[in-house]
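Quick note: to get the numbering used here, add 930 to the position in the sequence shown (first position is 1).
Fair warning: there could be bad hints in the mix.
Said to hold, decoys possible - Cross-link-like lysine-lysine pairs, in silico, DSS-like; alpha carbons within 30 Å at most:
hint, residue 1, residue 2
1, Lys1060, Lys1028
2, Lys1028, Lys1174
3, Lys1065, Lys957
4, Lys1028, Lys1124
5, Lys1043, Lys1142
6, Lys1043, Lys1124
7, Lys1142, Lys1174
8, Lys976, Lys1043
9, Lys1065, Lys1124
10, Lys1131, Lys1142
11, Lys1060, Lys1043
12, Lys1142, Lys1065
13, Lys1060, Lys1174
14, Lys1043, Lys1065
These are computed hints drawn from the structure, not numbers from a lab.
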Amino acid sequence: MYSAYLARFLLPQSVILYLNFVGTLHKSAGFPNPLLDNWNVASVLKGIRRTYGCTRNARLPMTPQLLLRLRSRLNLSLSQHASFWATCLVAFYGMFRKYHLLPESSTTFDPSKQFTRVDFLHTNYGFLLKVRWSKTIQFGQRCVDIPLVAAPSFELCPVRAILHAFHLTPRAHPHTQAFCFQSCSSSVTPLTYKLFMGMLKIFLTELGIPSKLYGTHSFRRGAASFALEVGVSFDSLSLLGDWKSDAMYLYLNLPLSRRLSAQRTMVSYLPFYKYHLINILDFGLARPIA
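Input sequences plus hints: build the corresponding full structure.
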């Protein structure tokens, strides 16, 4: 009954999360999990999925073309705009999740989770960032090195954007949030998730693009799709985005060109297959179906 009630206003996957909490409460109270191997609950959940479907409302991917259009709306002489732009490019090229870059508020900034200025190590190729905590690294069991390569001749160069943002906030402490900005009163202000999303929505609206279709995850999804389109392998993509499961396949925007290439590869082998089959028939190893 509870599952059916939740299905009236929640997605099927959210219903499962609520039910898992019921199981957790039972176990914490010393009772067995009533959901374990429960045929009735499994049947109800299956019916809910069949009735309502399991459509994922994923954010649209951020593309290089859209990034360039966003840049056209910015005044990069302003510290706030420069920090916003640097965050966009770091989120894109590093395929970072939002909690790496943006605190929920100025009081919840955590230097052990969000990047600080000292986390950006300047190298001969650009910057190197060390990720010490993430969705897949919650106990400090490893450290992931993420490179950001310079592309000085292009407007989408992440290294140039980072250096420019840092230059406009000279009063920022090395251990403050990486992309804090200098306000009109000359005080250093953190770029929070709420502020970043507010700016993103304003600029997208000015471009005539529905802002509700984009979020911070759009950068991660868009970068992964772009990398795949230009020939980056799935293995390299998984390493760069620090995916530990097949979750990335759920929201990759696979380009038509890749599907077309797969079809053409299959078709290109048809003449060989026909010749090979004829040879087999000639040797009497197989017989055509009458």
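Hint-by-hint comparison with the structure:
{"no.": "1", "hint": "Lys1060 to Lys1028", "verdict": "holds (16 Å)"}
{"no.": "2", "hint": "Lys1028 to Lys1174", "verdict": "holds (18 Å)"}
{"no.": "3", "hint": "Lys1065 to Lys957", "verdict": "holds (25 Å)"}
{"no.": "4", "hint": "Lys1028 to Lys1124", "verdict": "holds (11 Å)"}
{"no.": "5", "hint": "Lys1043 to Lys1142", "verdict": "holds (27 Å)"}
{"no.": "6", "hint": "Lys1043 to Lys1124", "verdict": "holds (18 Å)"}
{"no.": "7", "hint": "Lys1142 to Lys1174", "verdict": "holds (28 Å)"}
{"no.": "8", "hint": "Lys976 to Lys1043", "verdict": "violated (38 Å)"}
{"no.": "9", "hint": "Lys1065 to Lys1124", "verdict": "holds (21 Å)"}
{"no.": "10", "hint": "Lys1131 to Lys1142", "verdict": "holds (8 Å)"}
{"no.": "11", "hint": "Lys1060 to Lys1043", "verdict": "holds (11 Å)"}
{"no.": "12", "hint": "Lys1142 to Lys1065", "verdict": "holds (25 Å)"}
{"no.": "13", "hint": "Lys1060 to Lys1174", "verdict": "holds (17 Å)"}
{"no.": "14", "hint": "Lys1043 to Lys1065", "verdict": "holds (10 Å)"}
Hint violations for this structure: number 8 only, all remaining hints satisfied.
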